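J.: Sequence:
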Amino acid sequence: MNKSADYCDDFHSYACGGYVKSASIPDDKIHVSILSSLVDKVIKQLNTLLDRPSQPEELKVFKIAKHLYKICMDTKAIEEQRVQPFFNYLEQLGGWPVLKPKNEWNETLFNWNENFAYVAKKPYWLNPFFKLNLDFETKKNKRQVIALSDYSSGLPRENLSRGLNDESVSNYFNYMVNVSVELGAEQQHAKKELKEALDFEIKLANLGKNRSTNKKSMSLGDLEKKYPYFQWKNYLNYNLSYANVSIDDGEMITLINPDYFDQLGNLMGSTPKKIQANLVIWKEIENSAKYMNEKIRKLYENYVELTNGRIKHKLKWIECTDTALSYFRIAISALYVREYFHKDSKGNVEMMVKNIHNQFMKLINNTNWIDNETMSRALHKAEKMKHLVAYPDELLNDTKIKDYYKVYEDFKMVDDNYIGSMMSLDYFDFKIRWSKLRQVDNPNKWASFANESSQATASYLRLDNSIEIPAGILQGEVFNNDLPKYMNYGAIGAIVGHEIMHAFDNEGKKYDANGSKVNWWTYSTNEKYKKKAQCIIDQYGNYTVKEINKNIDGIKTQAENIADNEGIKAAYWAYINWSNDSNKKFEKMLPGFNLTPRQMFWISYANTMCSKSHPGYQELIILNDEHSPTEFRINGPLSNSEDFSKDFGCPKGSRMNPVKKCTMCQNKKLKSVQKDLGKSGKSGRSEKSGGSEKSGGSEKSGGSEKSRRPSNRCIEYPPSFIYIGQEA
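Sequential numbering from 79 applies to the sequence shown in my numbering.
Keep in mind the hints are simulated off the structure, nothing from the lab. Remember, it's a predicted structure, so these values are computed and weren't measured experimentally. Just to be clear, a hint being listed does not mean it is correct.
To be verified - Subject to a maximum C-alpha distance of 16 Å in a straight line, what follows is the list of computed EDC-like cross-link-like pairs (lysine to aspartate or glutamate):
1) 634 with 697
2) 424 with 560
3) 394 with 372
4) 311 with 327
5) 141 with 488
6) 394 with 379
7) 421 with 471
8) 154 with 372
9) 138 with 488
10) 178 with 105
11) 368 with 379
12) 480 with 507
What the hints assert, rightly or not - Restraint ranges, calculated between C-beta atoms of paired labels, are given here:
13) 474 with 242: 53 to 61 Å
14) 236 with 670: 46 to 54 Å
15) 294 with 461: 33 to 41 Å
16) 303 with 628: 50 to 58 Å
17) 265 with 138: 40 to 48 Å
18) 474 with 628: 44 to 52 Å
Every residue, glycine too, gets a C-beta built ideally from N, C-alpha and C.
Just need the whole structure built from these sequences, with the hints factored in.
T.: This is how it looks when you write it as structure tokens:
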């Protein structure tokens with residue numbers, strides 16, 4: 079804290095000033111925060127588990143995960159092998175033309191169905207032609223079917239379309255050439271071959287420039303007739319045979335963005351197979367570069383730094399921890415919750431979530447601008463919302479874990495052969511993913527949340543209408559069983575409220591109680607909603623980040639700003655109701671602070687947001703993030719809160735208590751209750767303020783006022799992209 083700051087002028091400075099002054103930013107980062115420190119803590123906890131020796135009685139999957147980490151860390155063995163295992167693999171694919179002398183590549187040795195089938199099994203494979211995945215058959219029918227979608231490059235389409243005139247594309251091309259030379263290619267030959275491959279990749283990207291989420295369902299037989307340029311049936315059967323699945327002409331296929339597939343045939347037909355082969359194999363090399371020897375890894379790290387602005391690449395132990403997690407996150411999460419999470423904490427957080435959820439429903443019910451028809455549907459959606467807290471109980475059950483990973487019972491790790499082991503793991507990972515084909519009720523539905531349980535983030539899932547509050551975030555400054563309730567409600571409680579509100583932000587409101595995208599708002603109520611949201615857009619759009627002299631994009635950030643504003647309101651009133659329950663003990667003031675419990679609620683909320691960053695990071699936030707910068711995630715919602723102003727005694731017209739406020743839930747009933755509550759207990763300006771400098775003077779607040787899984791995941795809290803360097 080910075081007690082010399084005036085909390086009625088700039089609460090961010092008051093609550094976070096001490097952190098900003100004392101926190102140091104490591105050389106390998108451009109940003110630190112309370113929440114990013116929690117992410118660092120979780121990755122260290124996970125690393126400790128993986129670094130422990132295996133025990134004889136452990137489940138086999140635990141042993142495999144630890145062994146994968148061990149051989150990943152064995153850089154000496156990786157250097158000794160260099161890339162020979164990968165060369166062997168390339169030869170099985172028919173060889174890479176870039177590495178072959180002119181006219182020596184034989185296209186008849188390149189088995190297209192076999193090659194495509196293998197690369198599609200890679201967990202994070204960037205297929206240069208199309209993506210193969212699972213999708214729900216229809217909105218209502220949750221049966222999982224085969225889905226084909228358009229090409230997705232590692233670079234934005236806008237950049238690729240500019241070709242080598244674009245700096246990022248030029249960096250990418252140089253990276254392609256440098257890696258190929260390190261693998262043994264002659265430089266001039268590599269430049270020629272890879273320039274043709276790059277041009278082809280750019281053409282593929284341009285096919286999908288008018289990308290849509292339109293879907294078209296057809297049988298496999300009809301797919302082959304409509305798009306005869308590819309042997310779909312042979313490809314899919316060869317591919318799915320690794321998962322013991324076979325399909326016939328009647329198998330239903332979902333095409334996502336079918337216009338892309340209408341154009342793909344002409345492009346492939348006019349492109350020599352040698353160029354296609356160069357791109358296919360380059361994408362496999364690109365995907366595997368970080369697992370190869372030191373020289374290639376350095377090329378990879380330098381390219382990542384140029385592309386993403388990272389100062390340094392992740393440390394080796396973090397990289398190897400991430401690799402183990404990419405294959406065995408559920409198993410490692412089971413180890414995590416057993417080691418670091420107390421069972422009684424789960425029950426206490428579940429009760430908090432229930433209280434906040436109930437309070438949120440009251441906020442909806444008492445909002446006076448929603449008509450009865452929309453009100454009924456909104457309450458139904460809120461009532462149907464699922465709470466997933468800490469972890470599913472299956473993570474404590476060895477039998478469930480063993481059954482989930484049963485395909486690995488026959489798996490044998492290739493000792494001292496990291497690349498070979500990774501390739502072998504891909505087969506087994508593929509079996510697990512494709513075992514869900516044609517399922518309606520997934521018997522391992524718990525695995526979805528189990529996959530997130532060791533994450534230090536919280537989420538709202540639109541298609542499932544559920545919130546996830548994983549065990550990883552329930553620690554440190556965010557939650558502690560031994561802390562007073564006003565601190566826990568201010569920290570994790572505000573996060574819970576934030577995620578609940580995502581169900582009703584400008585994007586979440588488009589989905590109903592079952593996760594289907596339908597319009598359930600009447601016209602008149604929707605118009606009133608847009609007017610309320612516009613107030614938030616205008617308010618945040620007038621906030622200026624003084625370090626870079628740029629304004630926030632109020633439209634881009636509106637969903638997160640709405641969630642911040644209404645989420646803290648639900649958490650606050652849940653705490654007030656809890657504290658006024660006659661069966662609850664009065665909570666004492668925190669020693670060393672001349673602040674009331676209600677004031678400490680607001681301090682706790684702000685403290686979880688505290689951060690420090692270089693100006694370059696602020697640029698990244700403004701350009702890329704759907705969250706507002708920290709200062710405004712604190713001052714914005716609190717300046718809109720009558721409750722905050724009353725608890726701190728801020729005079730009307732001050733920066734933290736402007737005359738005009740923006741609110742989505744205009745709750746008159748709760749306002750009258752607050753007046754009664756304000757008569758008892760200590761409130762108002764309990765500490766002498768120093769009449770601080772008006773930091774953020776350019777902020778104009780006194781006037782007007784977003785997984786592993788696909789896009790059903792709403793924007794994570796905190797934002798996932800901000801973890802630069804070690805935090806990535």
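J.: Each hint should be assessed against the structure and marked as holding or not.
T.: Tested hints:
{"no.": "1", "hint": "634 with 697", "verdict": "holds (15 Å)"}
{"no.": "2", "hint": "424 with 560", "verdict": "holds (13 Å)"}
{"no.": "3", "hint": "394 with 372", "verdict": "holds (11 Å)"}
{"no.": "4", "hint": "311 with 327", "verdict": "holds (8 Å)"}
{"no.": "5", "hint": "141 with 488", "verdict": "holds (13 Å)"}
{"no.": "6", "hint": "394 with 379", "verdict": "holds (12 Å)"}
{"no.": "7", "hint": "421 with 471", "verdict": "holds (10 Å)"}
{"no.": "8", "hint": "154 with 372", "verdict": "holds (10 Å)"}
{"no.": "9", "hint": "138 with 488", "verdict": "holds (10 Å)"}
{"no.": "10", "hint": "178 with 105", "verdict": "violated (42 Å)"}
{"no.": "11", "hint": "368 with 379", "verdict": "holds (8 Å)"}
{"no.": "12", "hint": "480 with 507", "verdict": "holds (15 Å)"}
{"no.": "13", "hint": "474 with 242: 53 to 61 Å", "verdict": "holds (54 Å)"}
{"no.": "14", "hint": "236 with 670: 46 to 54 Å", "verdict": "holds (53 Å)"}
{"no.": "15", "hint": "294 with 461: 33 to 41 Å", "verdict": "holds (35 Å)"}
{"no.": "16", "hint": "303 with 628: 50 to 58 Å", "verdict": "holds (53 Å)"}
{"no.": "17", "hint": "265 with 138: 40 to 48 Å", "verdict": "holds (46 Å)"}
{"no.": "18", "hint": "474 with 628: 44 to 52 Å", "verdict": "holds (48 Å)"}
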